[in-house]
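Q: Residue numbers (this note's numbering), protein chains in the order written: chain Y, 2 to 199; chain Z, 2 to 199.
Read the hints as simulated data drawn from the structure, not as lab findings.
Worth double-checking, as some hints may not be accurate.
In this list, chains with the same sequence are indistinguishable; a pair is considered to hold if it fits within one copy or across any two.
As the list claims (entries may be wrong) - Each computed DSBU-like pair below joins lysine-lysine, with the alpha-carbon atoms no more than 30 Å apart: (1) K8 <-> K144; (2) K39 <-> K23; (3) K101 <-> K55; (4) K9 <-> K96; (5) K8 <-> K79; (6) K39 <-> K15; (7) K37 <-> K96; (8) K169 <-> K23; (9) K9 <-> K23; (10) K144 <-> K15; (11) K37 <-> K53; (12) K37 <-> K23; (13) K23 <-> K55.
Since the model is a prediction, treat every value here as computed from it, not as a measurement.
Protein chains: 2
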Amino acid sequence: MYPSGIKKLIECLKNFPGIGEKSAERMAFALLNFDKEKQTNFIEAITEVRDKIKRCRICGNFCENDICDICLNDNREKNIIFVVEKPKDIYLFEKIGIFKGTYHVLDGLISPLDGINPDDINIASLVSRIDNGNVNEVILALKPSIEGETTMQYIKKILENKKVKVSKIATGIPLGTDMEYIDTLTLELALEERKNIS
Amino acid sequence: MYPSGIKKLIECLKNFPGIGEKSAERMAFALLNFDKEKQTNFIEAITEVRDKIKRCRICGNFCENDICDICLNDNREKNIIFVVEKPKDIYLFEKIGIFKGTYHVLDGLISPLDGINPDDINIASLVSRIDNGNVNEVILALKPSIEGETTMQYIKKILENKKVKVSKIATGIPLGTDMEYIDTLTLELALEERKNIS
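The task is simple: from the sequences and hints, build the whole structure.
A: Below you can see the structure in the form of structure tokens.
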């Protein structure tokens, strides 16, 4: 019923997470109303992403060269590795701007139920970075889910005999949230990990 | 901070209605995770839309030729014109599949406050279609807002002396909705336009 270009566009838009038929249609018609210049910019941006964006050979971050800006930067402390699940997490922490070390992207979390084993994510490359460099601290910043915790426990275990401090970022109540919206497991953890008021 | 391709992509995605910085970032990273083939399909679909989709010379519908499939279709009744605000509305009514006439897209609604006058939308072309063809019925299917009602009143008035029946689609309570979620104006209209139970 739709002209073929619109139909194709709707199908493409449905690839985005959380975008169903109706939202895809709404977006397609919005895109039809963009002026030609905006449409061209969009085409060029996707083309640039498709053709130029690679993964950093060291940490797995998105970058336009073999090695990303963070790994290339001499001011970043190469002895601290901050382990994240996906490249996007890097940008979340970079926005805060207080972390001066380097990153490592696992590209997934261990999840036996989904058939994702330690070999399927970038743990071996993390270990080899630690074996081959002067790394003395690994900070695990994976989400506090069963998969995240399993992955953190696994990494903690395989790094046990190496001279490296392994920590994970704190779980607890996020700031500015009303208690009633927090799940019970988080409340339990927040209670367990209570701190003395100094 | 982001590689330039990703930054450009986020900016493009922010052009969609309702997509802010965070949603655009989420979508950009989703797109980065598409395989090359899906990315290419997306580029091709936008290119096709940019280069091939035109507006029908008769009704203003989106189409790939000078005249849209509906206006070209000999089985459609050319004496009935269904007036809508935007091309997307055509597809909403086509999905129902019961309307067998033709359409006319106004591309907007009269809104003096926003500086949109009758001359700024496709009313003149509607009148000339009526003057030049065998049109005997015009159905107005504009949304029941101040702008929609103003536009319907205006069209009703300029068609007053022409031999054409002008109607508008019904307002009232949508099916399956709980009364408490309906605004008072709709409730008032629904009461005013009550029908005998036959």
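Q: Compare the structure with each hint and give your call.
A: Hints, verified against the model:
no.	hint	in the structure
1	K8 <-> K144	between (37 Å within a copy, 25 Å between copies)
2	K39 <-> K23	both (23 Å within a copy, 20 Å between copies)
3	K101 <-> K55	within (23 Å within a copy, 52 Å between copies)
4	K9 <-> K96	between (36 Å within a copy, 18 Å between copies)
5	K8 <-> K79	between (49 Å within a copy, 26 Å between copies)
6	K39 <-> K15	both (21 Å within a copy, 11 Å between copies)
7	K37 <-> K96	between (33 Å within a copy, 28 Å between copies)
8	K169 <-> K23	between (41 Å within a copy, 25 Å between copies)
9	K9 <-> K23	both (14 Å within a copy, 26 Å between copies)
10	K144 <-> K15	both (26 Å within a copy, 27 Å between copies)
11	K37 <-> K53	both (24 Å within a copy, 12 Å between copies)
12	K37 <-> K23	both (24 Å within a copy, 25 Å between copies)
13	K23 <-> K55	between (33 Å within a copy, 22 Å between copies)
Violated hints: none; the structure is consistent with every hint.
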